[in-house]
Structures are given as structure tokens and as C-alpha cells.
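Asker: Listed below are the residues making up each chain.
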Amino acid sequence: MLQQPWFHQVNTYLFLGVLLVTVAASAYYVSYFVGQQNHRRDWARRLLLGSLVLQSLYIVSRYFLIGNTPVTTYHETVVFFAWATTAAYFSFRWRYTVRNFGTFVSFLIVLLLIAAAFAPRQVIPLEPPLRSWWLPVHAGFSLIAYGFLGLAFCGGLMYLLQERELKSRRLGYFYSRLPSLDALDQLNSHCLAIGFVFLCLGMVSGSFWSKQAWGTYFRWNPKEVCSLIIWLVYLVQIHLRFTAGWRGRRAAFMVVVGFVVVILTLWRVTT
Amino acid sequence: MGNIPTGRTITLLGVNHKTTPVEIRECLALRGGYEEALTDLKAIAGEVEHYLLSTCNRVELLFVSNGDALLEERLAGFLFGDAILPEDRQRYSYRYVGAEAVNHLFQVASSLDSLVVGEAQILGQIKEAYRHAAAHQCTGPLLNKLLHKSFSVAKRVRSETGIGSAAVSISSAAVGLAKKIFGRLEEKQVLLIGAGEMAELAAEHLIGQGIGGVMVANRTVERAVELAGRFHGRACSLDDLITQLREVDIVISSTGAAGLILREEEVRPLMRSRRNRPLFFIDIAVPRDLDPALNDIDNVFLYDIDDLSQVVEGNRAEREKEAVTARQIIDEETHKFCRWQEGLAVTPTIAALRRKADDICRRELARTLPKLELNEGDRQRIERLAQSIASKMLYDPLQFLKSPSCRQGDTAKIDMVRTVFGLENNGVSDDDDTSVDPA
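Protein chains in written order, with this note's numbering: chain A, 1 to 271; chain B, 1001 to 1439.
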């Protein structure tokens, strides 16, 4: 543990850096969205990649500060969530591009980081029974799942915006800027599928952790019940999509609702 | 090039999407194609230069006459037939004469008068109409010049203004929408219901984007088979419509049916068996073929012709700016063409005057030169002297003829020149070269 004041200061400045760079990336993405000039998007990408690096450094520094994986306080969880979303975005972008997706995702990341900025940042020592290598595994899986579900949420919002313009038959601001409905729908199903796999892994590892810490797989405490609800919400979506052919507006709406549930539980449970 | 008769005016009669409802325009559209119409027209117009354009948005007849009201009446009778009664012509059709006709033609060719300003199809349609007219020897020197000019004006407008850059015709607007719904169009299937001209156009556009396959459903199966053959697609009867809807992705409907041919309650149950794959309906029929309530079904998108026009309207403001520049070009070119045409009124007189002077020189030289014993150099000098005197004598009369008042066809002044120089005996309509620009 590095508890020296100078390290606290380094830690604080790192977070400030993360915040500034991400806001700058998002601002560039928004200006690209408005003006559609490619060089702005290139800068936005570079800045967001810089933000990912800084976020990683911040999480590592936080690890050295508190001595265990920094996913126990609200601040740490939300930062890790933002990191997972950013990383998921880049892993996704590496495979294929979706027009103006970055604008929405960077906006979500900025919102998460701002939420983290307002949360208290003091170091709270972890209760001894919870100290286990299951902690990083469980939290890692769950937050990566949330990252992908966050991407699906952005895709769902974009779908709903684009669909509304197409249905209303008055094509406006978003029509030319957003990708096709098909691309957005595929993005949703892709992110949902990956997110759900990680969600399952998170659930399983969580119950093993619970077994190790408390001697039982499921304790029916609010946090666990909420996780179960989230898991069921997404299970239903996956089921409907892959068996009943649910897609389009309803599917996008469900993805958005699912993510709102995720955010609400995260906020209720960790504060 | 033959001689262009002077004192002829260019007249344009026509209807377009702005003046005439679609039901009436439909009746005017050439059923038998250009061949038949031009043969009939030729019987009426005879030697008068004429040219006929027919597209889904307009029917226009251009002809050159010397103000023969009877001929115009007969041509109008042919053009409008029973579809527009003589008393309604004022309301539905337009008639432009002279510079206005030229200006209108240039506007049409430059796509300023199109339903979708800036779309490029119209120039091709004009060229095709001209090809037919030329093949039937309907056009003469004046219309040939005018139509070729209209092509170059259109080209100039396109290259000097941004009017074509955002050009979205109805069918390319439909393609744009299809792309926003389906992403890639490669594996998508199109169903054409009814085999109208617009449907064909839209289908061509989609095929240009690499669509997967085409299916044609029509009341008369022969026509369906014929059209399907053109697109390497399949034909089916209208009774199979619902079955086909399970397979296709884009439906373009353009039948002449009086009522709806596809209702919401017929399509809704299909979505389940389609596993909610999106369906894009384009209704370009008037009256409409498709139930407006189709749009309320999830994953179904319905656009009719008005919606598509509205989509296209979105770009209008930008293009309106370019249209102003385009109109300036057109006005300028109209002015140039009219000056050229005005010049034609004095050209024969100028030519006759020059010819008369040349004749006199030649005659007098032929009489005098043999009597003199000159070497070659001196002989040439004498010839040049004679020509120089003649042209100096002609300088002022020619300037007079080229003055604006004569150019604009003041026949009294031209006649005076002709009388003073005794040109009436020398035939006016000899085969002089009228392509010489009198300016």
C-alpha cells in the first residue's frame, strides 16, 4: 500500500486528467457529429484512446493506493464501469465501425466519470471475509458485462432516434448522421450477446465468492436480488431475440430499459 | 444544313407536374411510345419543325411556325386530345413563345423545372426524345440548333452550379431510405406490384445498387413476365401477393387500381413468420395502393409519393440558392440564342447583298481583264481593288442591317435595304451558308 500524501496527489491529478481528456474526446465527437468533418473524428478517437490509457493508469494507481482491486466503493465501481465501457468500445471498433457510435458512447463515459467525480473518494478498507481473488474476477466480469450493455444502450438509443425519423417520414437532423437500422440492430444483438455471457460469468463467480465469504451461494440480500433481476431482464431479451425473432424498436427499447435498471441498481446498491 | 426560314417563332405547348393533376397527365402520356406519336404528329405538322417530349412528369411539344393559328390549334388538339378540353387548356397547360419557350426548354433540360430540382434523368429523356424526333426527320436546322444548345446549357449549369451535387430524384431518395433501413442492399429482394413507368425507374435504381433479386406482380401476367425478364427476375400473379410478402424486403407499388390492394390486417400477421425482418413499402400509385396504417406496424416502413417528395424537399433550400445561379446562366444563354435567332432574319439579306457585290465584281472583272495585258501580279492587284471598293461600299449598309432594330426583325427597314439594292430579283432563299453568325 502506498499511503503517502504525494501518491494521493498523483492519484487525484490522474483522475483530473482522465476527466479532462474524456470530456475533450466527447467534445470532439460532438463537433464531428454536428459538422461531419473527418479530421475531428480522428482527433476524438485519439483522445478517447488516451482516456482509456489514463483510466487504466488511474485504476492501477488506485490499486496501489488501497491494496486491493478498486471496485468496492461507488467511485471505484463507476470508474471501472467507465473503463469497461471504453475498452468494450475499442474492442468493438476494432471489429467493425458504426457511424457516429463514438459520439454516444463517449457521452455515456463522460456521464459515468462525472458521477464518479462527485462520489466520495476516501479509501475504505475491505472487510476481511471479502478479501479473495474472487473479488476481481466477479467484479471484472460484471463490469465488463455492464460495459457491453452500455454499448447496447447507446445503440438502442440511436436505433430509437433513427427509427422515429424514418417512421415519421420527416427526415431531420439524425437521419443522415445515424447509421442504418440494420447496423444498429446488429450492434445491439452483438453487444447484448457478449454482455450477457459476461453477466452469466459474473453471476457464477459472484455466487462462488459468496460461498467462500459467507458459506452460501445466494443470500437473498438486496444487491444479489437486484443482480438476479438484471440477469433475468437480459435473459428474457436474449430469449425473445434469438427464438421469437424480436428485433427492431421493441428490442431497442428493451435494451434501453435494461440498462436503466442496471444504472439504478448500481446506484441504489453501492451508495 | 439547309436554310432557316426567317420570321418563324418557336412555340412550346405543354403540361407538367406543377400545372396538371396526375390523372390528366396519365391520359396524355404516350401509350404507343414515340414512334406512333411522332408518325401521327408528322401527318399534322408536315414540314413544320417539331419535337415532342414525354416523361412521367411532363408532356411538351415544341414547334416552329410563322404564327399559323390553325396549325397550332390542330397540334394542341393532337397533344391534349380529349384529356384536356379546349376551355380547360388555359388552366392546365402552358404556352410559351419565342424567348420564353427557349428559356423554358433550357430550364427543363437543366432540371430546374423538375419535380426534384437537379435530378439528372431529364437530360437523358430529352436526348432520347430528340433522337426519336431526328430519326423521324421532325426537326430542322432551328430546332437542331436549339436542342443541341439546350444540352450544352444543361452541361454548363451542372458544371458551374452545385445543383446536381445533392440531386436526389424520387427513386434515389427511395434508395437512400432503403439503405437506412436495411444497411446493405445486396441480398434484399424487391417486389414490384404493377408495372408502371415509375416503378420501373425505381427498380432500375435499386438494381443499380446491387439488389438481390426482383419479383414482378401484375394484373396481366404477360406484362409481369416481360418486365421480370428485363430485370432477370421472376413474375407472379397478384393473387400470390401475400405469399410473396414473406420473402421480399422492399415493395414498390404502382398499380392503377382504384382502391387499396394491401391492408394493414393482411400484413400484420405476416411479420411473425418473417421473424420481424423489416419491410419497406413504397407507394408511388395515385390513388394509393397501400393502406396508410401499414406504417403503424413495427418494422414496417411506408412511404408514398408525397412522403418521398417531402424527403427530397429537405434539400431544397440549399439547392434553391444554386437554382438562382442556374437561372442566371439560363437567362444569359437564352439571350444569346435569341440574338442568334434574330440574326437569322437579316442573314439572308446580308448574304444576298454580299453575293450581289461579288457578282458585280466578278462580272466586271471578267469583262475588263481580258482586254488588258497584265502579268499575274497586276491582275491580282486589280481583283483586290475591285473587291475592296465593293466591300467599302457595303460597309455602311451592312452596319445598318446589323443594328439592333433590324436584327429584331423590323421588316420595313430590311425591305427598304432590299429595294434600294434591288435584291428582290435575286432569290433570297438560295443555299447560302446560314450557319455564319451574322454578329
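For the record, the hints were derived by calculation from the structure and aren't laboratory data.
Where is the CB? At the ideal position from N, CA and C, for every residue including glycine.
One should not assume that every hint holds.
What the hints assert, rightly or not - Covered stretches of chain B, as calculated for chain A (at least 3 residues, CB under 8 Å):
hint : stretch
1    : 1177–1190
2    : 1299–1307
3    : 1388–1396
Asker: Would you mind marking each hint as holding or not holding in the structure?
Answerer: Tested hints:
no., hint, verdict
1, 1177–1190, "holds (count 7)"
2, 1299–1307, "holds (count 4)"
3, 1388–1396, "violated (count 0)"
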